[in-house]
Amino acid sequence: MGVTQWPGGEAITTKLSEFVGWARQYSQWPMPFATACCGIEYMSTMSSRYDQGRFGWERPSFSPRQADLLIVIGTIGVKMAPVLKRIYDQMAEPKSVIAMGACASCGGMFDTYSVIQGVDTLFPVDIYVPGCPPRPETLLTAYIKLQEKVRNQSLLGEGR
Amino acid sequence: MTREEKQVKLLDDIQKQFGDKIVSAKMDYGMPVVVIDNSIHHDIFAWLKGHDEWKFDHFIDITAVDYKDSRDARFEVVVHLRTHTHNLKVRIKTPLADSSDEKSMPELPTLSDVFLGASWSEREIFDLMGIKFANHPRMTRLLMPDNYEGHPLRKDFPVKGPHRGSFPRGTVVSNKRREPAVAPTTKAKPADQLLPNTPWEKQRKPLSDKPVEAKEGGDA
Amino acid sequence: MLKHVIDKAVTETHIAEEGKERHDYYDLNLGPAHPTMHGILENRVKLDGERIIDAECHIGYCHRSFEKLSEHYSYNQVLTITDRMNYVSSMANNVGWTQAAEKLLGIEVPKLVQYVRVITLEMNRIMDHLIRVGILGVDAGAYTGFLYFMEQRERAYKIIEKMTGGRLTTTFGRVGGLDKPLYPEFKEDVLEWLRPIPKVLKEFHTLVTRNRIFIERFRDISPISKERALSYGFTGPNLRAAGVDYDLRKAEPYLSYSDFDFEVPLGTNGDVYDRYMVCMLEMEQSIKIIEQAINNLPEGSWHADIPEIFLPEKKDVYSSMESMIYHFKIIMHGIRPPVGEVYEAVESPNGELGFYCVSDGGPNPYRLHFRSPCLYFYQSIEELLKGGMLADAVITISSINVIAGELER
Amino acid sequence: MMPRDFVPVLFTFILVGGATYIILALTHILGPKVYDPVKQDTYECGVDYRGDSRSRFSVKFYLVAVLFVMFDLEVVFMYPWAVNFRKLGWFGLTTMGIFLVLLFVGLLYEWKKGALEWE
Numbered sequence: 000m001g002v003t004q005w006p007g008g009e010a011i012t013t014k015l016s017e018f019v020g021w022a023r024q025y026s027q028w029p030m031p032f033a034t035a036c037c038g039i040e041y042m043s044t045m046s047s048r049y050d051q052g053r054f055g056w057e058r059p060s061f062s063p064r065q066a067d068l069l070i071v072i073g074t075i076g077v078k079m080a081p082v083l084k085r086i087y088d089q090m091a092e093p094k095s096v097i098a099m100g101a102c103a104s105c106g107g108m109f110d111t112y113s114v115i116q117g118v119d120t121l122f123p124v125d126i127y128v129p130g131c132p133p134r135p136e137t138l139l140t141a142y143i144k145l146q147e148k149v150r151n152q153s154l155l156g157e158g159r
Numbered sequence: 000m001t002r003e004e005k006q007v008k009l010l011d012d013i014q015k016q017f018g019d020k021i022v023s024a025k026m027d028y029g030m031p032v033v034v035i036d037n038s039i040h041h042d043i044f045a046w047l048k049g050h051d052e053w054k055f056d057h058f059i060d061i062t063a064v065d066y067k068d069s070r071d072a073r074f075e076v077v078v079h080l081r082t083h084t085h086n087l088k089v090r091i092k093t094p095l096a097d098s099s100d101e102k103s104m105p106e107l108p109t110l111s112d113v114f115l116g117a118s119w120s121e122r123e124i125f126d127l128m129g130i131k132f133a134n135h136p137r138m139t140r141l142l143m144p145d146n147y148e149g150h151p152l153r154k155d156f157p158v159k160g161p162h163r164g165s166f167p168r169g170t171v172v173s174n175k176r177r178e179p180a181v182a183p184t185t186k187a188k189p190a191d192q193l194l195p196n197t198p199w200e201k202q203r204k205p206l207s208d209k210p211v212e213a214k215e216g217g218d219a
Numbered sequence: 000m001l002k003h004v005i006d007k008a009v010t011e012t013h014i015a016e017e018g019k020e021r022h023d024y025y026d027l028n029l030g031p032a033h034p035t036m037h038g039i040l041e042n043r044v045k046l047d048g049e050r051i052i053d054a055e056c057h058i059g060y061c062h063r064s065f066e067k068l069s070e071h072y073s074y075n076q077v078l079t080i081t082d083r084m085n086y087v088s089s090m091a092n093n094v095g096w097t098q099a100a101e102k103l104l105g106i107e108v109p110k111l112v113q114y115v116r117v118i119t120l121e122m123n124r125i126m127d128h129l130i131r132v133g134i135l136g137v138d139a140g141a142y143t144g145f146l147y148f149m150e151q152r153e154r155a156y157k158i159i160e161k162m163t164g165g166r167l168t169t170t171f172g173r174v175g176g177l178d179k180p181l182y183p184e185f186k187e188d189v190l191e192w193l194r195p196i197p198k199v200l201k202e203f204h205t206l207v208t209r210n211r212i213f214i215e216r217f218r219d220i221s222p223i224s225k226e227r228a229l230s231y232g233f234t235g236p237n238l239r240a241a242g243v244d245y246d247l248r249k250a251e252p253y254l255s256y257s258d259f260d261f262e263v264p265l266g267t268n269g270d271v272y273d274r275y276m277v278c279m280l281e282m283e284q285s286i287k288i289i290e291q292a293i294n295n296l297p298e299g300s301w302h303a304d305i306p307e308i309f310l311p312e313k314k315d316v317y318s319s320m321e322s323m324i325y326h327f328k329i330i331m332h333g334i335r336p337p338v339g340e341v342y343e344a345v346e347s348p349n350g351e352l353g354f355y356c357v358s359d360g361g362p363n364p365y366r367l368h369f370r371s372p373c374l375y376f377y378q379s380i381e382e383l384l385k386g387g388m389l390a391d392a393v394i395t396i397s398s399i400n401v402i403a404g405e406l407e408r
Numbered sequence: 000m001m002p003r004d005f006v007p008v009l010f011t012f013i014l015v016g017g018a019t020y021i022i023l024a025l026t027h028i029l030g031p032k033v034y035d036p037v038k039q040d041t042y043e044c045g046v047d048y049r050g051d052s053r054s055r056f057s058v059k060f061y062l063v064a065v066l067f068v069m070f071d072l073e074v075v076f077m078y079p080w081a082v083n084f085r086k087l088g089w090f091g092l093t094t095m096g097i098f099l100v101l102l103f104v105g106l107l108y109e110w111k112k113g114a115l116e117w118e
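Top line first, the protein sequences correspond to chains G, U, R and Y.
The first sequence: position 146 = 145 (numbering that gives the first Met the number 0), numbered continuously.
The second sequence: position 20 = 19 (numbering that gives the first Met the number 0), numbered continuously.
The third sequence: position 282 = 281 (numbering that gives the first Met the number 0), numbered continuously.
The fourth sequence: position 45 = 44 (numbering that gives the first Met the number 0), numbered continuously.
Some clues are possibly wrong.
Claimed, not checked - In silico DMTMM-like pairs for lysine to aspartate or glutamate, Cα to Cα no more than 25 Å straight-line:
id	chain 1	residue 1	chain 2	residue 2
1	U	K54	R	D359
2	G	K94	G	D125
3	U	K102	U	D27
4	R	K249	U	E148
5	U	K67	R	E290
6	U	K131	R	E55
7	U	K154	R	E66
8	R	K287	R	E187
9	R	K328	R	E55
10	U	K92	R	D359
11	R	K45	Y	E118
12	Y	K32	G	E92
13	U	K20	U	E52
14	U	K159	R	E251
15	R	K385	Y	E116
16	R	K45	Y	D4
17	R	K102	U	D51
18	G	K94	Y	D47
19	Y	K59	R	D219
20	U	K67	R	D359
21	U	K48	R	E251
22	R	K45	R	E251
23	Y	K59	R	E298
24	R	K287	R	E298
25	U	K92	R	E184
26	R	K225	R	E382
27	U	K48	R	E187
FYI, nobody ran anything at the bench for these hints, they're computed from the structure.
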């Protein structure tokens, strides 16, 4: 990131990956995979008081094809695991995952026969959001952390 | 007549109608409770629903309880009904002995032709408690995946599930970025492969399409 | 890679057998990951053009084994499970469970606790109906109504946080009383919260109720008759929409509901419009109840005088000997009700929420069954969907208000 | 020689074509491409799809589509007329009036024949 003289005036130069990262961080299209109580807190984050639109995350996409980010909201049961795994596989690269709430991060209080103990047994997770359910402010800090991660993502990752 | 008199009259009517088949009929915490023999399990509900004075047409709830070792009849199906003509609720309990050999399941006639509300709740009892209901339109599992073995709400079923040795709380889970395994097809898999049952390091490995054999002393 | 896809398509082409009248129904999965399916309902629908010929529904995607867990929890710990059942109005379930446990233990709570429980039940009924009607509007295309209502819910969260410390999962109340004494300005806060709600309801009425589009989409969609509703086990707003006058607050008055006067709105033919109107009118009745309860809130202690069940306060434990012994006994032995079983039901916003608890005298319930109203009216979904259009399926499922935690326990 | 006043139209075509091409090229170059048989599979709410999308569907859909295209074109013809509405004066009004009446008769015919009813 530097400022160079240009015949007509000044110009800002930057690396291509920083430019792409800067553009992508404010336009993440989240796919809210809401199953349980955290879904109500996600609704509060989406509604006008905690408005996640301020971060450019206004447009939730309900199909994995257009989603950059999968937010796993709530408890994932044993019956839901193949569905969630398929949806993660069908998302386009570069994708990231937020596990919202204790149930998605580690099974939470439900250490039982019918609950998957944490979504990271199915696919790698970028950000774990603590709380049962996490407050909207916690979720917004998770967004900011993910923006930072997306900004510094190199363009030479896998699949180039 | 007051609520108590109505309840006592109801118990007498049932006693008169089904006589010896009624094991006991008494009041319990302000609600009439009738314990019946499982041979009249279907007839008593048809009679109660069609009865002109006691029109028990509101189906409230059906559930099952597993009294393993504390009673000779292991299971007990409990049904709650309600009538709006006399504003009363009744609880009808049907003790049911466990099936002799391992393969078959205890059996009861279904109520879904008398009360439509019983269809899914009976499926849930079949799924979680392992009680089969004869000529039920769709006797499959309701809550667990279709190819799940075992009936979770039975007393001999561990809370954490038979297939899973859960790692002790507080172990730090390594979160190094792993390549997602390329699963050629994600047809609904049996529960074993979803939750490999080997020590915690292997359990953290994401799904692989190979069926997981239970090996002792897993490799490094 | 494309070869794989082509092989799959070739192997599964339909070869029409001769002689069979070829009818091309379109198989569609309104599957679990669908915006209108609230995330956990799977409907396999057979379509003839836009009309649904046959529907096959599956649930179980969010089964969290509450009943198995509750066999290992003490009587006060079960409160952590009950707020995750109907998580849209979690305090209503907690009040329901405390009522059932107190009936099993034979405790009579003082008037103040009963009034506070009535207030929280009615507040949660309003909050539940706010989301229920808001989401019905969103599924029918009116997103603004949802935002008006969510704002009211956020204001209610402020009061609930002051009362119990949590926004959504509150573990409100204990067996035998409240979990902590009421904070001083509770009455003013609740009245302050209630003040704008009639205006917001009127806004939603003008937005939706007499709106030609919504009448066209809600009227005569998935009606259900009285007999079938009763036979399915409908309770709550969906049953009253079908015209059956069954409200637990009137039929079996509990928690001193007989002190307040309120009406129970009834529908006529149980279709989506009636369910919507019953919920809107119920909110107005709940406002009346809360105002009556707040205005004559009695004085008194915030828990029943039963030291061997209700944990004594910390300052007593350090000062008086008996409290310390009771404290030790409750913590080590736990609450041990007499052997027996009880069925206690509460009019939760979704319907009759029942608790069938069998106790063998031990510290935790031997068997605890939650009678979930959602399971009983979601059974009728296959019948309600048949014959309707695909767009009506979305509206029907949204109007029945199925909550995952309560449906699959 | 190309008449002078059509240059802006040519310029917009170039601009629009160029912009879309650049965007597609950028995403193709910069975007990672991970091919995976599950990713190629059809997405049907997370479960395996049933049936196939090449089954026949009723003619009602086709009818509604054709009606829409017809009335959409009608509006497209009205745009240039509406732009210089003042200059055309009475002559423009009468010709467009005849055009609209003709289409309105068509609409009435469909309405009576019941083509607009969905059942």
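Each hint tested on the structure:
For the given pair, K54 (chain U) sits about 33 Å from D359 (chain R) by alpha-carbon distance, which is inconsistent with the 25 Å threshold. Proximity of K94 (chain G) to D125 (chain G) is assessed by CA-CA distance (about 10 Å); at most 25 Å being required, the pair is judged to hold. For the hint linking K102 (chain U) to D27 (chain U), the alpha-carbon distance of about 36 Å lies beyond 25 Å, and the restraint is violated. Between the alpha carbons of K249 (chain R) and E148 (chain U) the distance comes to roughly 44 Å, so the proposed pair goes past 25 Å and is violated.
For the hint pairing K67 (chain U) with E290 (chain R), the CA-to-CA distance comes to about 50 Å; that exceeds 25 Å, so the pair is violated. For a cut-off of 25 Å, the pair hint linking K131 (chain U) to E55 (chain R) stands: about 21 Å separates their Cα positions. The hinted pair formed by K154 (chain U) and E66 (chain R) meets the criterion: a straight-line CA distance of about 12 Å does not exceed 25 Å. Proximity of K287 (chain R) to E187 (chain R) is assessed by CA-CA distance (about 16 Å); at most 25 Å being required, the pair is judged to hold.
Straight-line distance between C-alpha atoms of K328 (chain R) and E55 (chain R) comes to about 52 Å, which puts the hinted pair past the 25 Å bound. For the hint pairing K92 (chain U) with D359 (chain R), the CA-to-CA distance comes to about 17 Å; that is within 25 Å, so the pair holds. Annotation: proposed proximity of K45 (chain R) to E118 (chain Y) holds, straight-line Cα distance about 18 Å (limit 25 Å). Distance check on the hinted pair: K32 (chain Y) and E92 (chain G) sit about 7 Å apart at the alpha-carbon level, within 25 Å; holds.
Straight-line distance between C-alpha atoms of K20 (chain U) and E52 (chain U) comes to about 22 Å, which keeps the hinted pair within the 25 Å bound. Simply put, K159 (chain U) and E251 (chain R) have alpha-carbon atoms about 39 Å apart, too far for the 25 Å limit, and the pair is violated. About 21 Å separates the Cα atoms of K385 (chain R) and E116 (chain Y), which keeps this hinted pair within 25 Å; it holds. The straight-line distance between the Cα atoms of K45 (chain R) and D4 (chain Y) is roughly 56 Å, outside the 25 Å bound, and the hint therefore fails.
For the hint linking K102 (chain R) to D51 (chain U), the alpha-carbon distance of about 32 Å lies beyond 25 Å, and the restraint is violated. Using a Cα cut-off of 25 Å, the hinted pair K94 (chain G) and D47 (chain Y) holds, with the two alpha carbons roughly 22 Å apart. Distance check on the hinted pair: K59 (chain Y) and D219 (chain R) sit about 23 Å apart at the alpha-carbon level, within 25 Å; holds. As the CA atoms of K67 (chain U) and D359 (chain R) are separated by approximately 12 Å, the hinted pair is consistent with the 25 Å bound.
Between the alpha carbons of K48 (chain U) and E251 (chain R) the distance comes to roughly 21 Å, so the proposed pair stays at or under 25 Å and holds. Taken as a hint, the K45 (chain R) and E251 (chain R) pair is broken in the structure, with Cα atoms around 43 Å apart against an allowance of 25 Å. For a cut-off of 25 Å, the pair hint linking K59 (chain Y) to E298 (chain R) is broken: about 69 Å separates their Cα positions. Proposed proximity of K287 (chain R) and E298 (chain R) is supported: the alpha carbons are some 21 Å apart, at most 25 Å.
Of the supplied pair hints, the one linking K92 (chain U) and E184 (chain R) is violated, its CA atoms being roughly 49 Å apart against a limit of 25 Å. Taking the CA atoms of K225 (chain R) and E382 (chain R), the gap is near 15 Å; set against the 25 Å cutoff, the hint holds. With a CA separation close to 49 Å, the supplied pair K48 (chain U) and E187 (chain R) exceeds the 25 Å bound.
The structure is inconsistent with the numbered hints 1, 3, 4, 5, 9, 14, 16, 17, 22, 23, 25, 27, although it conforms to all the rest.
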